[in-house]
Amino acid sequence: MSKLITSRRGLIKSGAAIGAGLATPTIFGSSVWAGSHGGYTNAPTGSTVTLGFNVPQSGPYADEGADELRAYMLAVEHLNGEGDGGMMNTFSSKELKGNGILGRKVEYVTGDTQTKSDAARASAKSMIEKDGAVMITGGSSSGVAIAVQSLCQEAGIIFMAGLTHSNDTTGKDKKANGFRHFFNGYMSAAALAPVLIDRYGADRKAYHLTADYTWGWTQQASMAAATEAMGWETVANVLTPLATQDFSSYVAPVLNSGADVLILNHYGGNMVNSLTSAVQFGLKNKQVNGKNFEIVVPLYSRLMARGAGENVKGIFGSTNWHWSLQDEGSKAFVKSFGEKYGFPPSQAAHTVYCQTLLYADAVERAGTHNPCGVAEALEGFKFSGLGNGDVEYRAEDHQCFKDVLVVKGKENPTSEFDLLEIVEITPRAKVEYAPDNEFFAGGDLGQCNPGA
Amino acid sequence: MLKLKNNDTALFLAFCVMVLAGPIILAPLGAGYPDLLQRFAIFGIFAVGYNILFGLTGYLSFGHAAFLGVGSYSAVWMFKLLSMNIIPGIILAVILSGIFALLIGFITLRRSGIYFSILTLAFAQMSYSLAYSVLTPITNGETGLQIHLADPRILDTKSTDGSLPSTNLFGLEMNDTWRTTLFGMDLQFNVGFYVSAILLILCFYLSIRIFRSPFGLMLRAVKTNQNRLMYTGVNTKPYLLTAFVISGMYAGLAGGLLAAMDPLAGAERMQWTESGTVVLMTILGGTGTLLGPVFGAGAIKYFENIFSKVNDSVLAGWFNFMPDWMTDTMVFLLGPFFGKGWHLTLGLVFMAVVIFLPGGLMEGASKIANLFGKRKNKGSVDSTGTPAE
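Chains as they are written, first to last, in this note's numbering: chain A, 1 to 452; chain P, 1 to 389.
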């Protein structure tokens, strides 16, 4: 090894010389830093404004990502005055005229998050630095959403979260520049628990299988707390890695545990596989403690129900929105989405469509794209007509509060889209919580950051 | 001054110019924005280091992402505990990944060939699983390790405006960018990129010195015929282990820099696909050549970041000059190769390179250089003396 560098002194000397020489061009006068125009990052100057749609196009949540992208394109069409306007016509705020945002035509760039925090941040960064996106939206996993949200906070960009259900997104990892329309694990549990007690009785023993990441943890904790408060007992909680494909080794011990309810805190492909496994083990037909064995899936989506096929029949869960809702907003959205793509939208499509309209509307009301102005316009904003009844963006944690749907896998589906039936619409008051609730404590919004 | 041969001096100076002018050269290709430029430089360091092991000794490690991850995690912890200045973070990243490489190398280098590859793969997968679930208190699992306002940062003054501090080098913030316009192109000169670029140049210099040293010769001898070397009484293990640790430290430096540019460390950085990527980068660029890995890293990052963002509407924009039906046909034909299909295009390019240019992009470059004849002796590309294998 001593032969490697013939003269140590020589190396140090030359290294220092090169370093000093190369460092010179990086030193600029401080006055030229950050050449922005409107006092905030990526202020639009021309006749267009660019939004960044950052969704998973590959990986376990690619189906949700594809549906989100469809909804984004539909929203852009409507904002630019093309198509039939969709929910813009039913939205309680009438600021949007179909002439873009603040008179500027809406354009968009897309990126692939690959359901990985790193890739998602790289993609979001290129949207901000290269394409000049003034708002980033998307994400189909809470891990990714939290990572991108903190990036947007640092960069001075508004982040409108897509499909993210972890309590942490607006709890311990909340950020002043981030906003979530979707509901969360706590709300799911609060809506679901009373229905479950009502159907299955108050003396049940529950066994949890939980996806091992931020969403799974918070979902499980919320479900356990809500059901225990009503008399259930939690027998065990087993964490499963997100990449698990075969759940048989996790399902097998359930029968001998003495539990009579299995709660699957899984989403997407995970839930499809674990539920299929559980049904194959015959859990649905078993009798334990003199009661029918039951399975519960706290967060449901139509895309998952389709993946799991027959197995979802009779299984309870919760969802943010469902296309069979009969209010004016939902009907208008399902109509324009169906006319464009030939099938009804998923809840992921719905939430991102709403987020895009909400952002555009907030910009119109604030009269600027400045994140601080937009945040002020969104905080405490009350609206309706977007398919969820009366909704409020709470100022304290940037979480939307609205009714939650408790759904059940349909016994006799009439079409390949008609897989879930709405059992109960839990009113907003029942799922509301204080901002310093134990499941959401520990975070700090900080201050809005307009960037440059 | 550089203690290099003439050929190498020319190569090195050309390399310096190329790297430092990166923002200007890459702007017309749509890649001249800070995040991607930083990645070019950082993954260049990663691949240059990997090439010291794989290119010189022929030991195919499938576990180098583990060192990248260790580097990132240790850097982020330094940002959380000590200071947002990147120096402590990067130093700890290099030291820890070196120690980690020493441990793993000590065990895995007992075997060679495919067994070595599998052992390194197993260790990397193990580190990934540990980071992903068991070590969640240290790594924060799937969400990734992030900095928070409440972190101690004992060397820094507390920020009062409620916004997260950014990583810096004695006050020069990594995300500061000087923008200007040249011939209608938007040029972005970013502090973080130049920090990475200078480190890349230093790493490249070190790599030339290793390639040309007696130590490098010994590593090449291992690649050519390890048995013969052992029969002559040479113990190859210390040489291999040194090469392994050096390349592990390069990877750690790259990981630390990644965290310095964007203070977040995720477990997926350690996944085996990342280890595979650096193998691809090295082979694509040209195994055993000096410059090849840097080009390979650039090519793959370019595909990942630029190709993956070309969606159908962008494609339609390119073919706008054609009649409508032709535009639609072109979009239909090319669509699968762009956007989410970028893996497919990369795979095709990789196949083509391996089949037609086994020496990687560097072989292609030297073929072109030979075509124009006169430059043959200048040796800016094929001066490495090692035919790629």
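Derived from the structure by calculation, the hints contain no laboratory data. It is possible that part of the hints are untrue.
As the list claims (entries may be wrong) - Calculated pairs, DSS-like style, for lysine-lysine (alpha carbon to alpha carbon, straight line, at most 25 angstroms):
1) A:Lys172 with P:Lys80
2) A:Lys284 with A:Lys408
3) A:Lys172 with P:Lys158
Quantities reported herein were computed from a predicted structural model and do not represent experimental measurements.
Next on the checklist: Let me make sure I understand: some of the numbered hints might not hold for this structure. Which ones are they, in numerical order?
Outcome noted: none
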